[in-house]
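Q: Here is what each chain is made of, one letter per residue.
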Amino acid sequence: MIGGGTDTTAVTLEWALSELVHHPEMMERAQDELDKVVGKQRPVLESDFANLPYLQAIIKENFRLHPAGPILIPHVNTKDTHIMNYKILANTHVLVNIWAIGRDPEVWKNPLEFNPDRFYNSDINVGGSNFNLLPFGSGRRQCPGLNLGQLMVQCGLATILHAFDWSPPPNVKPKDMNMIEASGLATPLIEPLVVIAKPRLPPQVYKPSI
Amino acid sequence: MEFAFEFWFFLVGFVSLLLYLAWFVPKAKFQPPGPFNFPIVGSLFYLSKLPHRSMNELAKKYGPIMYLRLGYIDHIVISNGEMAKEVLKVHDADFGSRPRFIIGKDASFDWSDISLSPCGDYWRLLRKICSTEFLTQARLNNFQCERQDEVAYMVEEITKHNQGRPQLVEMRPIFHEFTSNNICRMMFGARRKELKNHLGNNFDDLFNSISDMVEIFNKFNISDLIPILKPFDLQGLERRMKCIRNRLENNLSNILKEYRKGNKLVFDSTVKYFVQVLLNLDEKLDDASIMAILVVCAFYSTYFNKMCASYILYIYHHLFMFFFLTHKYLLVFYYRT
Chain A
144 MIGGGTDTTA VTLEWALSEL VHHPEMMERA QDELDKVVGK QRPVLESDFA
194 NLPYLQAIIK ENFRLHPAGP ILIPHVNTKD THIMNYKILA NTHVLVNIWA
244 IGRDPEVWKN PLEFNPDRFY NSDINVGGSN FNLLPFGSGR RQCPGLNLGQ
294 LMVQCGLATI LHAFDWSPPP NVKPKDMNMI EASGLATPLI EPLVVIAKPR
344 LPPQVYKPSI
Chain B
18 MEFAFEFWFF LVGFVSLLLY LAWFVPKAKF QPPGPFNFPI VGSLFYLSKL
68 PHRSMNELAK KYGPIMYLRL GYIDHIVISN GEMAKEVLKV HDADFGSRPR
118 FIIGKDASFD WSDISLSPCG DYWRLLRKIC STEFLTQARL NNFQCERQDE
168 VAYMVEEITK HNQGRPQLVE MRPIFHEFTS NNICRMMFGA RRKELKNHLG
218 NNFDDLFNSI SDMVEIFNKF NISDLIPILK PFDLQGLERR MKCIRNRLEN
268 NLSNILKEYR KGNKLVFDST VKYFVQVLLN LDEKLDDASI MAILVVCAFY
318 STYFNKMCAS YILYIYHHLF MFFFLTHKYL LVFYYRT
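For the protein sequence lines, the chains are A and B, in the order given. According to the working numbering, the residues represented by the first sequence are 144 to 353, in order. According to the working numbering, the residues represented by the second sequence are 18 to 354, in order.
Source of the hints: derived by calculation from the structure; they are not laboratory data. Using N, Cα and C, we set each Cβ at its ideal position, and we do this for glycine too. Do not take every clue at face value.
Here are the simulated DSBU-like cross-link-like pairs (lysine-lysine), alpha carbons at most 35 Å apart as the crow flies [what the hints assert, rightly or not]:
#1 A:Lys222 / B:Lys301
#2 A:Lys316 / B:Lys66
#3 B:Lys78 / A:Lys252
#4 A:Lys230 / B:Lys122
#5 B:Lys236 / A:Lys222
#6 A:Lys230 / B:Lys177
#7 B:Lys66 / A:Lys318
#8 A:Lys318 / B:Lys259
#9 B:Lys102 / A:Lys230
#10 B:Lys236 / B:Lys247
#11 B:Lys236 / A:Lys350
#12 A:Lys222 / B:Lys177
#13 A:Lys179 / B:Lys177
#14 A:Lys222 / B:Lys259
#15 A:Lys230 / B:Lys301
#16 B:Lys77 / B:Lys236
Computed spacing ranges between beta-carbons, pair by pair [claimed, not checked]:
#17 A:Ile333 / B:Lys106: 31 to 37 Å
#18 A:Arg185 / B:Pro52: 18 to 24 Å
#19 B:Asp304 / A:Gly182: 48 to 54 Å
#20 A:Thr221 / B:Lys289: 45 to 51 Å
#21 A:Lys350 / B:Asn159: 44 to 50 Å
One chain only, chain A, in its complex shape:
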């Protein structure tokens, strides 16, 4: 739990934020939506998430393009299995390349483009019923922390977009940001994301209770 839930979620948040700094017009649209639904006088609550379709679309698009684990943990068959006309011998390791599935040009139009509109008001979800979008896998070996992971990403992203305006470091244009992935447990960005945060709400809106 400690091992599985921390890194993957943090990396997902980092990718989502860097995509939005990279595409300021999308950040603006997400913030407009937040202002309309939540306003500027109270924090985002979990009950708001259902009313934030554009934010949900951003999160799905981020899962499509940057799944925290690009290849699912290997599956293994205990006996010979036939798939289509092929025979898969027992003890074959099965690697499901969800990174490739998310970029399949036959399913996704302009697959390399970060475009949340493809999920805007669509009923595609990441719960494992759509086999073209499987950030948490599917079936009996699906990630049991699926709901928690999604909740943490939603909470984190909604809040930082609501509370701050984000921009790249001085002298870097949004389009010039480094968006290269590193190899690692959870394919993080190769260079850690460093950005400027400008508060956009009165300071009392977000205050820890303890």
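The hints should help you fit chain B onto chain A, whose structure is shown.
A: Same frame as chain A, now just chain B:
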């Protein structure tokens, strides 16, 4: 003399080639398409440091279901949604097990965690605990206040950097703090800092051991693919993992002891956190299982992400140079005498 040497050299080469053909070619008839497999290393040469990318490139040529032999292990790579459905839904029951890679044994406390344990009654029990006790929507909702609080901490942390005017903020540590505190509060009932105050070194070391473990998982273990090398533990990963397991066991059993005592250490929380739930289950679990569940490493793409062919290439380069040089010296030696 020199005839014998050359003769044996070629004979051994020829026989191994025959054995190779006899062993691997018949298998290939009904296998999914894939690139050529070299003896011993198989298709490892085709993979780069970002294996998901190399596999995607290969899949463009060989199709959405592709056969790769990596070392001595058969793999199939699935690269589109339709095939994923075949494996994860249609044949879900057949493909429900997990490979037993070497360090997994100690990392999962003898296969007692949910992500690596084989399909069976024990796994079903864990799955049940997860879906009815831990990660139910109702229980997640119970922790809504905690998440709200952590969100506020995160905002505070970001503004702290500002000091009047906007400054550059490095986001990775902040996100990490946010997710790890969320998880700590759900599991142990308090933030990391409080836990450290109450549980002292045990708690600190628990987190250090887990990040050490992640580091080891990040390394590609050559013995997983070439099992004959397993007893030698060339990279020392197995030994290191055993040490980490001991540390984890120590820390976690001390922590569990404190929680079992149930005195002031049990944090006043209106909602039950996971350690409490685990200790009060109807189906009593042994300590090893509880530990495994707590650590549970849904180690995404575990041993695969770092499977860089470069390591193998390195070994091969040295082996090759060794044979090449010895052969060359033998010849030089022969001509001089």
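Q: Does each hint fit the structure? Answer for all of them.
A: Hints, verified against the model:
Annotation: proposed proximity of A:Lys222 to B:Lys301 holds, straight-line Cα distance about 32 Å (limit 35 Å). Between A:Lys316 and B:Lys66 the CA atoms are separated by roughly 29 Å; this keeps the pair inside 35 Å, and the hint holds. Proximity of B:Lys78 to A:Lys252 is assessed by CA-CA distance (about 20 Å); at most 35 Å being required, the pair is judged to hold. Only pairs whose Cα atoms come within 35 Å are accepted, and A:Lys230 paired with B:Lys122 is accepted, the gap being roughly 29 Å.
Taken as a hint, the B:Lys236 and A:Lys222 pair is honoured in the structure, with Cα atoms around 29 Å apart against an allowance of 35 Å. Proposed proximity of A:Lys230 and B:Lys177 is contradicted: the alpha carbons are some 59 Å apart, above 35 Å. Annotation: proposed proximity of B:Lys66 to A:Lys318 holds, straight-line Cα distance about 26 Å (limit 35 Å). As the CA atoms of A:Lys318 and B:Lys259 are separated by approximately 46 Å, the hinted pair breaks the 35 Å bound.
About 17 Å separates the Cα atoms of B:Lys102 and A:Lys230, which keeps this hinted pair within 35 Å; it holds. With a C-alpha separation of about 15 Å, the suggested pair B:Lys236 and B:Lys247 falls inside the 35 Å cut-off, and the hint holds. Annotation: proposed proximity of B:Lys236 to A:Lys350 is violated, straight-line Cα distance about 41 Å (limit 35 Å). Simply put, A:Lys222 and B:Lys177 have alpha-carbon atoms about 57 Å apart, too far for the 35 Å limit, and the pair is violated.
Between A:Lys179 and B:Lys177, the direct Cα distance comes to roughly 27 Å. Compliance with the 35 Å bound is thereby established for this hinted pair. Note on A:Lys222 and B:Lys259: the hinted pairing holds, with a Cα-Cα distance of about 31 Å set against a maximum of 35 Å. In summary, the hint linking A:Lys230 to B:Lys301 is not supported, as the alpha carbons are separated by about 42 Å, beyond the 35 Å threshold. A threshold of 35 Å between alpha carbons decides the hint, and for B:Lys77 with B:Lys236 the separation of about 27 Å falls inside it, so the pair holds.
Between A:Ile333 and B:Lys106 the C-beta distance comes to about 35 Å, which sits within the given range of 31 to 37 Å. For the hinted restraint 18 to 24 Å between A:Arg185 and B:Pro52, the CB-CB distance of approximately 57 Å leaves it violated. Here the CB-CB span from B:Asp304 to A:Gly182 is close to 50 Å, well matched to the stated 48 to 54 Å. Between A:Thr221 and B:Lys289 the C-beta distance comes to about 37 Å, which lies outside the given range of 45 to 51 Å.
Checking the proposed 44 to 50 Å range against A:Lys350 and B:Asn159 shows it is violated: the Cβ atoms sit about 22 Å from each other.
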